[in-house]
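Visitor: Please arrange chain Y on chain P, whose structure you already have, making use of the hints.
Number of protein chains: 2
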Amino acid sequence: MYRTHNCGELRLADEGKEVTLSGWVQVGRDFGALTFVDLRDRYGITQLVFDSEDNASLCTQARKLGREFVITAKGLVRERTNKNPNRSTGDIEIMVRDMSILNSSKVPPFTIEEETDGGDDLRMKYRYLDLRRGPLQRNIIFRSKLALETRKFLDAQNFVEVETPFLIKSTPEGARDFVVPSRMNPGEFYALPQSPQTFKQILMVGGFDRYFQIVKCFRDEDLRADRQPEFTQIDCEMAFVTQAEVLATFEGLARHLFQHTIGVTLPDFPHMTYDEALRRYGSDKPDVRFDMELIDLNAVAQNKGFAIFDQAELVVGICVKGQAEYTRKQLDALTEWVKRPQIGAKGLVYVKCNADGSYKSSVDKFYHQDDLAAWAQLTGAEAGDLILVLSGEEEKTRKQMGDLRLEVARNLGLMTPGVFKPLWVVDFPLLEWDEDAGRFHAMHHPFTSPKREDVQRMLTGDHETMKALRADAYDLVINGVEIGGGSIRIHDRELQERNFKLLGFTPEDAEDQFGFLMGAFEYGAPPHGGIAFGFDRLCAVINGQNSIRDFIAFPKNNQGRDMMIDAPSPVAPEQLVELHLALTGKKEK
Amino acid sequence: MYRTHNCGELRLADEGKEVTLSGWVQVGRDFGALTFVDLRDRYGITQLVFDSEDNASLCTQARKLGREFVITAKGLVRERTNKNPNRSTGDIEIMVRDMSILNSSKVPPFTIEEETDGGDDLRMKYRYLDLRRGPLQRNIIFRSKLALETRKFLDAQNFVEVETPFLIKSTPEGARDFVVPSRMNPGEFYALPQSPQTFKQILMVGGFDRYFQIVKCFRDEDLRADRQPEFTQIDCEMAFVTQAEVLATFEGLARHLFQHTIGVTLPDFPHMTYDEALRRYGSDKPDVRFDMELIDLNAVAQNKGFAIFDQAELVVGICVKGQAEYTRKQLDALTEWVKRPQIGAKGLVYVKCNADGSYKSSVDKFYHQDDLAAWAQLTGAEAGDLILVLSGEEEKTRKQMGDLRLEVARNLGLMTPGVFKPLWVVDFPLLEWDEDAGRFHAMHHPFTSPKREDVQRMLTGDHETMKALRADAYDLVINGVEIGGGSIRIHDRELQERNFKLLGFTPEDAEDQFGFLMGAFEYGAPPHGGIAFGFDRLCAVINGQNSIRDFIAFPKNNQGRDMMIDAPSPVAPEQLVELHLALTGKKEK
Numbered sequence: 033m034y035r036t037h038n039c040g041e042l043r044l045a046d047e048g049k050e051v052t053l054s055g056w057v058q059v060g061r062d063f064g065a066l067t068f069v070d071l072r073d074r075y076g077i078t079q080l081v082f083d084s085e086d087n088a089s090l091c092t093q094a095r096k097l098g099r100e101f102v103i104t105a106k107g108l109v110r111e112r113t114n115k116n117p118n119r120s121t122g123d124i125e126i127m128v129r130d131m132s133i134l135n136s137s138k139v140p141p142f143t144i145e146e147e148t149d150g151g152d153d154l155r156m157k158y159r160y161l162d163l164r165r166g167p168l169q170r171n172i173i174f175r176s177k178l179a180l181e182t183r184k185f186l187d188a189q190n191f192v193e194v195e196t197p198f199l200i201k202s203t204p205e206g207a208r209d210f211v212v213p214s215r216m217n218p219g220e221f222y223a224l225p226q227s228p229q230t231f232k233q234i235l236m237v238g239g240f241d242r243y244f245q246i247v248k249c250f251r252d253e254d255l256r257a258d259r260q261p262e263f264t265q266i267d268c269e270m271a272f273v274t275q276a277e278v279l280a281t282f283e284g285l286a287r288h289l290f291q292h293t294i295g296v297t298l299p300d301f302p303h304m305t306y307d308e309a310l311r312r313y314g315s316d317k318p319d320v321r322f323d324m325e326l327i328d329l330n331a332v333a334q335n336k337g338f339a340i341f342d343q344a345e346l347v348v349g350i351c352v353k354g355q356a357e358y359t360r361k362q363l364d365a366l367t368e369w370v371k372r373p374q375i376g377a378k379g380l381v382y383v384k385c386n387a388d389g390s391y392k393s394s395v396d397k398f399y400h401q402d403d404l405a406a407w408a409q410l411t412g413a414e415a416g417d418l419i420l421v422l423s424g425e426e427e428k429t430r431k432q433m434g435d436l437r438l439e440v441a442r443n444l445g446l447m448t449p450g451v452f453k454p455l456w457v458v459d460f461p462l463l464e465w466d467e468d469a470g471r472f473h474a475m476h477h478p479f480t481s482p483k484r485e486d487v488q489r490m491l492t493g494d495h496e497t498m499k500a501l502r503a504d505a506y507d508l509v510i511n512g513v514e515i516g517g518g519s520i521r522i523h524d525r526e527l528q529e530r531n532f533k534l535l536g537f538t539p540e541d542a543e544d545q546f547g548f549l550m551g552a553f554e555y556g557a558p559p560h561g562g563i564a565f566g567f568d569r570l571c572a573v574i575n576g577q578n579s580i581r582d583f584i585a586f587p588k589n590n591q592g593r594d595m596m597i598d599a600p601s602p603v604a605p606e607q608l609v610e611l612h613l614a615l616t617g618k619k620e621k
Numbered sequence: 033m034y035r036t037h038n039c040g041e042l043r044l045a046d047e048g049k050e051v052t053l054s055g056w057v058q059v060g061r062d063f064g065a066l067t068f069v070d071l072r073d074r075y076g077i078t079q080l081v082f083d084s085e086d087n088a089s090l091c092t093q094a095r096k097l098g099r100e101f102v103i104t105a106k107g108l109v110r111e112r113t114n115k116n117p118n119r120s121t122g123d124i125e126i127m128v129r130d131m132s133i134l135n136s137s138k139v140p141p142f143t144i145e146e147e148t149d150g151g152d153d154l155r156m157k158y159r160y161l162d163l164r165r166g167p168l169q170r171n172i173i174f175r176s177k178l179a180l181e182t183r184k185f186l187d188a189q190n191f192v193e194v195e196t197p198f199l200i201k202s203t204p205e206g207a208r209d210f211v212v213p214s215r216m217n218p219g220e221f222y223a224l225p226q227s228p229q230t231f232k233q234i235l236m237v238g239g240f241d242r243y244f245q246i247v248k249c250f251r252d253e254d255l256r257a258d259r260q261p262e263f264t265q266i267d268c269e270m271a272f273v274t275q276a277e278v279l280a281t282f283e284g285l286a287r288h289l290f291q292h293t294i295g296v297t298l299p300d301f302p303h304m305t306y307d308e309a310l311r312r313y314g315s316d317k318p319d320v321r322f323d324m325e326l327i328d329l330n331a332v333a334q335n336k337g338f339a340i341f342d343q344a345e346l347v348v349g350i351c352v353k354g355q356a357e358y359t360r361k362q363l364d365a366l367t368e369w370v371k372r373p374q375i376g377a378k379g380l381v382y383v384k385c386n387a388d389g390s391y392k393s394s395v396d397k398f399y400h401q402d403d404l405a406a407w408a409q410l411t412g413a414e415a416g417d418l419i420l421v422l423s424g425e426e427e428k429t430r431k432q433m434g435d436l437r438l439e440v441a442r443n444l445g446l447m448t449p450g451v452f453k454p455l456w457v458v459d460f461p462l463l464e465w466d467e468d469a470g471r472f473h474a475m476h477h478p479f480t481s482p483k484r485e486d487v488q489r490m491l492t493g494d495h496e497t498m499k500a501l502r503a504d505a506y507d508l509v510i511n512g513v514e515i516g517g518g519s520i521r522i523h524d525r526e527l528q529e530r531n532f533k534l535l536g537f538t539p540e541d542a543e544d545q546f547g548f549l550m551g552a553f554e555y556g557a558p559p560h561g562g563i564a565f566g567f568d569r570l571c572a573v574i575n576g577q578n579s580i581r582d583f584i585a586f587p588k589n590n591q592g593r594d595m596m597i598d599a600p601s602p603v604a605p606e607q608l609v610e611l612h613l614a615l616t617g618k619k620e621k
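One line per chain: the protein sequences are P and Y, in this order.
Residue numbers for the first sequence follow my numbering, beginning at 33 and rising by one.
Residue numbers for the second sequence follow my numbering, beginning at 33 and rising by one.
A few of these clues could be false.
Here are the simulated BS3-like cross-link-like pairs (lysine-lysine), alpha carbons at most 27 angstroms apart as the crow flies [said to hold, decoys possible]: (1) K533(Y) / K138(P); (2) K177(Y) / K184(P); (3) K177(Y) / K177(P); (4) K184(Y) / K177(P); (5) K533(P) / K138(Y); (6) K483(Y) / K106(P); (7) K96(Y) / K138(Y).
Derived by calculation from the structure, the hints in this document are not laboratory data.
The following block holds chain P by itself, in its conformation from the complex (with noise of 0.2 angstroms):
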């Protein structure tokens, strides 16, 4: 037996037990006759004491102890003289009587504690010594203890979480699939899934009612930062249901979640039309923990003389409170920001709403004092105030300071940690024209339903119409992140074959690719509706962080390449006679 206790669990109630621990070397001290061991696990740390008075060559040996070795140690456990109250096991020591080492260590690359000194690639090349320290081991932990309570929330609400298959048929609508050739079918491929869309629907058909899973998915895509070719989703469905019934549960399941996890309760819910959360924020995922609302200001802005506003599909301005004192570096700052290719704007016109009432702009020459009166008025501003305002194409310019207004709360630390605030954002665009290909895409994915008073119109409507089709589609949205999307389905055969229709599919590649699913329609579907949460994400929100990959064990990097194992890699000759392939690029084993 190699412990009968692990390192966090010994308390000064246990004073004179005859204890085996097992673990690693954190850090060893010595101080004269006695060493001092730091032996380390999962559930904490307790302090080993070798003396070597009582035994010289058990002290040496200890003195000899490693970082990371890990050793067996037998001894009594007594009180200590100088406790550690940052520590769980800090009232207690082990004087050791016996050790064993049961594996050395060689000098690892970077500090395994707290905060270390390793880069990314080193990290993720030794992974296993990374996950090792304290942050990586409580986010793992955390995701399987947020998995367990997204399974228990579920399950009591009658949901079956039901398996669907990793190898199933690509279809090039979406993202790129991962392929996976078939051996015993030459020239045919499996492909892994995006998500387990009609695998949940066509449970839905088959009488499931309630379904969900949490589930790897595959997207073979170029990867921006911090995202990762494969991903976890909550993945869920109902049948008989309304959009209301939908967002009722998981606003259950967020409010579960959060509170089982981190203790928190969340606030209300509010629900926001995808139209008003850009007219309002610039965004269809607005952070609401802060206010600075975009207000249109063409109405007080135009027709002033100032040809760039005039010519403007729009003009539009937030408040910042109290930050009338921007100094001229932050303003300049903040019009680089904005100028950024990934912003796109042209400039930034700021108004500084000055203490004695009078108002300071990068605008002065176009603008009277009265003018901007009106536009502080508009836009809430105060003395002390400062107004931003940006200008140009409508949809554009909306992005563009809903983006500055994120920048803004960020530089004034307004994203309040601890904070949390959701909301459902509904009554997305069914469809989304695009203009260089000429066709219209899914703006959720091609299954998602029309609103029911839409259907009608949807069947029969012109071009035009199609553009202003709503669709019964939510977002969940918390502190400005998307945590899950969904919608109710198309569940009857002409709906869904006039949405591929629209959507650019021949009649013979809809049912190509969709046919199981359109027939399946024609055995009794049930009307159903379902969302997907994208669990790495939420593990993050939940804890304030940005990044995904500290919640994940095994990431990809940005080549989507495992460092550890270093995969990809070339496969044997063979392999690929046996799965009828040739490469056409470099590189054969």
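Guide: Just chain Y now, with coordinates in the frame of chain P:
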């Protein structure tokens, strides 16, 4: 709102309530003025009544409902005059006032009832209809419950569920990998995991102490009946444990699962060595619900002039209790059975122990009555019993007799449903010598540790010594089915290198494929071990069923094909170009 209640919950206490139900039309029956419709959902069946005197047009509508139509019905709960005690809602019915058809249904290609008339292929193609049937719904819901109970138990034991990656590295060892071409890394491939073996070991090196995961695994094997290319494991690993601690922990899991799903308290879990299991039962996964142990008869059957026995390495018998009356036809059938190529015996010898104390055998020409009496004494046969005897090369003959033992037990109904007999088979050989390939194979896998007392012999011993090494490997067997297997792992680089060498790896290949793991062993790897359970199989065994396919929502057929979605399938030529691949076989889309 589509419903106020589901179809399984209304009782007499709800009498007089106005309710709304939604579901599928199971069947309709017309009785003069009254029409009855059984409405079905996952939760049950509720009887709807339409009265033509009350509402003639509604009743007419109801009479037109086809099987599997989806409807919503609103009405009053009332007591039934002729109650149905076999149905939870059998005391009430709904007097319908309003009804709407949510979706129609074509006539299903097979009956959607407890027993169906659909063939396998048809049921696979229309899986969504098959999934509506009670037996499949119960199986899939059982599976969900089993997974949740697994998680609850392991969570309470401090196990952390960690998701390991699906896009990993191909290693030619073991079964064949499914591979996934990498678009971003031309000529390189990921592999889908055959198991998360190396990752769970890495998690132990990473200090997670106790890991589990219910996880999909993938093997590209030629599919035999009841094998699936993707299957599910309960995968577990523990650090700082001995074999005894692993077995105790997972005996606990098995007990918990049987108790909390079917209310069965499992009996003791005896430990039996691999050698003993083969000797007594001719199998490393013995069904110990019944006796009929294998008895060596060399001492009494050889040197009596029967050349076949005299030349055999082993003569072995079983005593079939009370079956001396087996007819010639039955014995011929058994003889034919053992001569099938799957079994491969040359013939079958029998001895009937007659009621009068005499013996009648198929080898009376060679053996006297007192010779046969000696056989009876050794096998424990008494008057009325039947002795069956096989002979030949030892290993093969034991296995043949083990198979015959099971066949006889099946015929005699000795595999009592509802009786569960678990046992641990332990002390497996570490290595298996492959005479044809002239090399060793790992009996369990290349990461399995020899027993502690065999470590030194493994590092230094000769070829014959290697054959005799025993591993800390174990299988959990219930009713003759291996439901889990595992081992204590090697956690030392030198020993792991030695094992790879014995298994025929060059040092370069070992480093290329498993260098990350051996590297991890150099940074303080703790002793560790674990187990994996076949989750699909476990579902079937607990329910006393043989086929895992009925516990998988969307199984593949024996050609690895999903008949519903028709996968695998050809992909677009552009996809292949992006993946830097060309087909060498047929079919391009």
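Visitor: Are the hints correct? Go through all of them and say.
Guide: Going down the list of hints, with the structure as the test:
Note on K533(Y) and K138(P): the hinted pairing holds, with a Cα-Cα distance of about 24 angstroms set against a maximum of 27 angstroms. Among the hinted pairs, K177(Y) with K184(P) is consistent with the structure: their alpha-carbon atoms are about 11 angstroms apart, no more than 27 angstroms. For the hint pairing K177(Y) with K177(P), the CA-to-CA distance comes to about 18 angstroms; that is within 27 angstroms, so the pair holds. Proximity of K184(Y) to K177(P) is assessed by CA-CA distance (about 11 angstroms); at most 27 angstroms being required, the pair is judged to hold.
In summary, the hint linking K533(P) to K138(Y) is supported, as the alpha carbons are separated by about 24 angstroms, within the 27 angstroms threshold. The suggested pairing of K483(Y) with K106(P) holds, with an alpha-carbon distance near 24 angstroms, which does not exceed 27 angstroms. Among the hinted pairs, K96(Y) with K138(Y) is consistent with the structure: their alpha-carbon atoms are about 13 angstroms apart, no more than 27 angstroms.
Consistency with the previously given hints is maintained throughout, with no hint failing.
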